[in-house]
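If you read the sequences in order, they're chains A and B.
Residue 411 is where the first sequence ends in our numbering, and the numbering goes up by one at each step.
Residue 295 is where the second sequence ends in our numbering, and the numbering goes up by one at each step.
Hints listed in this document are in silico derivations from the structure and should not be mistaken for laboratory results.
Built from N, CA and C at the ideal position, the CB exists for glycine as well.
Take these hints with a grain of salt, some might be off.
Stated by the list, open to error - Quick list of simulated restraints, FRET-style, between CB atoms: (1) B/Leu-283 to A/Ala-164: 30 to 38 Å; (2) B/Leu-104 to A/Lys-249: 43 to 51 Å; (3) A/Asp-384 to B/Glu-112: 32 to 40 Å; (4) B/Leu-104 to A/Asp-94: 34 to 42 Å.
What the hints assert, rightly or not - If we take Cβ atoms under 7 Å as the criterion, some of the chain B residues that face chain A in the derived model are: (5) Ser-221; (6) Asn-223; (7) Gln-269.
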Amino acid sequence: MNPVLPRRTLLAGAAAAPLVGFGRRARAQANTLRIGVLNDQSGPYRDTGGTTSAICCRQAVEEFGSQGFNVEVVTADHQNKPDLGASIAREWYDRNDVDMILDVPTSSVALAVAAVAKEKNKVHLNTGAATADLTGKACAPCIVHWSYDTYMLAKSTGGATVKAGGTSWYFITADYAFGQQLQRDTTAFVQAAGGKVLGASPYPFPGTTDFSSFLLQAQSSGAKVLGLCNAGGDTVNSIKQAVEFGLTKNGTMSIAAMLMFITDVNALGLDIAQGLSLTESFYWDLNDGTRAFTNRVKSKTPNNWPNMIHAACYAGTKHFLKAVAGLGIADAKKSGKAIVDKMKSMQTDDDCFGKNTIREDGLLLCPAYLFQVKKPSESKGKWDYYTTKVTSPAAEAWKPLNESGCAFVKA
Amino acid sequence: MFMILGYPAPLMFGQLLLGLINGAFYALLSLGLAIIFGMLRIINFAHGALFMLGAFVAWGMLQYGGIGYWPALIVAPIIVGAFGVFLERTMIRHLYKLDHLYGLLLTFGLAEIIEGLARNQFGSSGMPYAIPAALQGAVNLGFMFLPIYRGWVVIAAVVVCLVTWIAIERTSLGATLRAATENAPLVQAFGVNVPRLITLTYGAGVALAAFGGVLAAPIYSVNPNMGSNFIIVVFAVVVIGGMGSILGSIVTGFGLGVVEGLTKVFYPQASATVIFVVMVIVLLARPAGLFGKAT
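Just chain A, with the same shape it has in the complex:
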């Protein structure tokens, strides 16, 4: 016998591996609701989503208790590959009776999964991806986008930076859906506020670790602001190297990290990160509710405290479960749209984001916060990193509905 396995078989086996084990059990349990947490569990976005997202989702399930139906949470790693994400989504919805897919960072994967959800009329609650297209061009009646998007980041961080005198920009951009869109949205705000963009270096993602060449170009462009349209490890590396190359020395250039999480600040250390401005919709030390939530989960994820994605996994799951309970499990399992309609009809209420609403196009409208990273001397302990600078109320933080470009809303 030929002992060599064909490559295709190996790949198919690897792709299916996360699904093994619950196929048989999944059938014929009409009384069980299934949530699938699909995200990056081994790559650059592992800490911003990853297992902490699943922990926060399970926390919501635990707190919800039993209300006449069982809830199961399953997880898988999409490895930031759109094809793999879509095939897991298909498998989950079709064969494993999963009712809602949660998280899904990486915009390219999110758009692929959203297309599958739309086709199957199943719920996709996105908390991890940035693309505003999830509630725009790619919107669907069964999709909810919770926590942040490119428009909100561009408006909050971009707008505030121009106001503070940062009128000329140079972008370093991850060259894929997310980076391009973030750059486009930020450019619009910069120009609307009277600023100008002097240049950009779109770099290949993933696989770029050295940004010094782009930093040097940014420096020689004479721009006042370095706009980083990237995320995770790339942002960390860019900032580390920008400081190393003296870009920020004597206030010559300021850095606007267009998407940055508390986990990235933790990776940089306050020595380097101090003074940076960034936007999140959640911070653990914002109010009594956020502190109470963090206290409940931090023992389960001691090295990775929740950021806005994790908080949205908790809050979104909670709201989803309330909607299912309100609708009745039998009706809920039939239609994703029915669940999302119910979610939109009820006000959200949770420890992380407070009381908010989900708009017609599926966008959660919550306040956005512009934070500044503390100096090492101001920080009282681990994870004490942010000072709140500007709070944008829910009504102003997001793209207006008439600009969203969501087809089914117009109809």
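Dock chain B against chain A, hints included.
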């Protein structure tokens, strides 16, 4: 202002220098790979993971033992090199008689395991590691602002590459080593313990990777994926330089760093691809690589 190809000259000089700095990492890593392949005929896919391990050992020494950068530069390669010796003694040595592919698969699996364990333990966003106090700051070269640490990286890499090259090409130990790869039974007949020689060679190659890891720690974020970002490019460098050619890997490492740096100015989108374009052209024109001997 003086222009080169439509770009201001200072910018171009700066880019050339940056290219050399990145090339220093490529050279250091591909050197280790070339030694291991040249002597053991093992395609060491675990090289990136061991590079990462070097950075993590340095970070751990500082975090848990308060031991700083300079001791780590010596100690971390020794610790990781010893780990390499362990891998060679327990696993890799069983594959010498088999096809190269088996070595590749084994080391690839090892890399996945090492990186997976590191991710599980430390997460993926990385750990901060500061530039040592003596090398902080920067000098103004007129055409660019050069961080002192980056200058140090180039010097350290050039010195280590030269020493390694001399040790292999110009000393009696190196001669024995080269003879052992040509004809192991004959060298053994002269009373040389060839298996031990091979074990130590693997350890030394791995130590080079770890040394690169410690050098990289203050510049790049110390995270479990840092090696896998480098490894594919470094393999391309080894192939272009000629598999197993020590000089080839050093020269090609620096050269490709410069090519990549210039691409980042003219067409940044292609900066990840340009090395592979060069690889295709070189392989078509000289299948054994620039410095390789056709076998």
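Which of the numbered hints are not met once you compare them with the structure shown?
Violated hint: only 1; rest satisfied.
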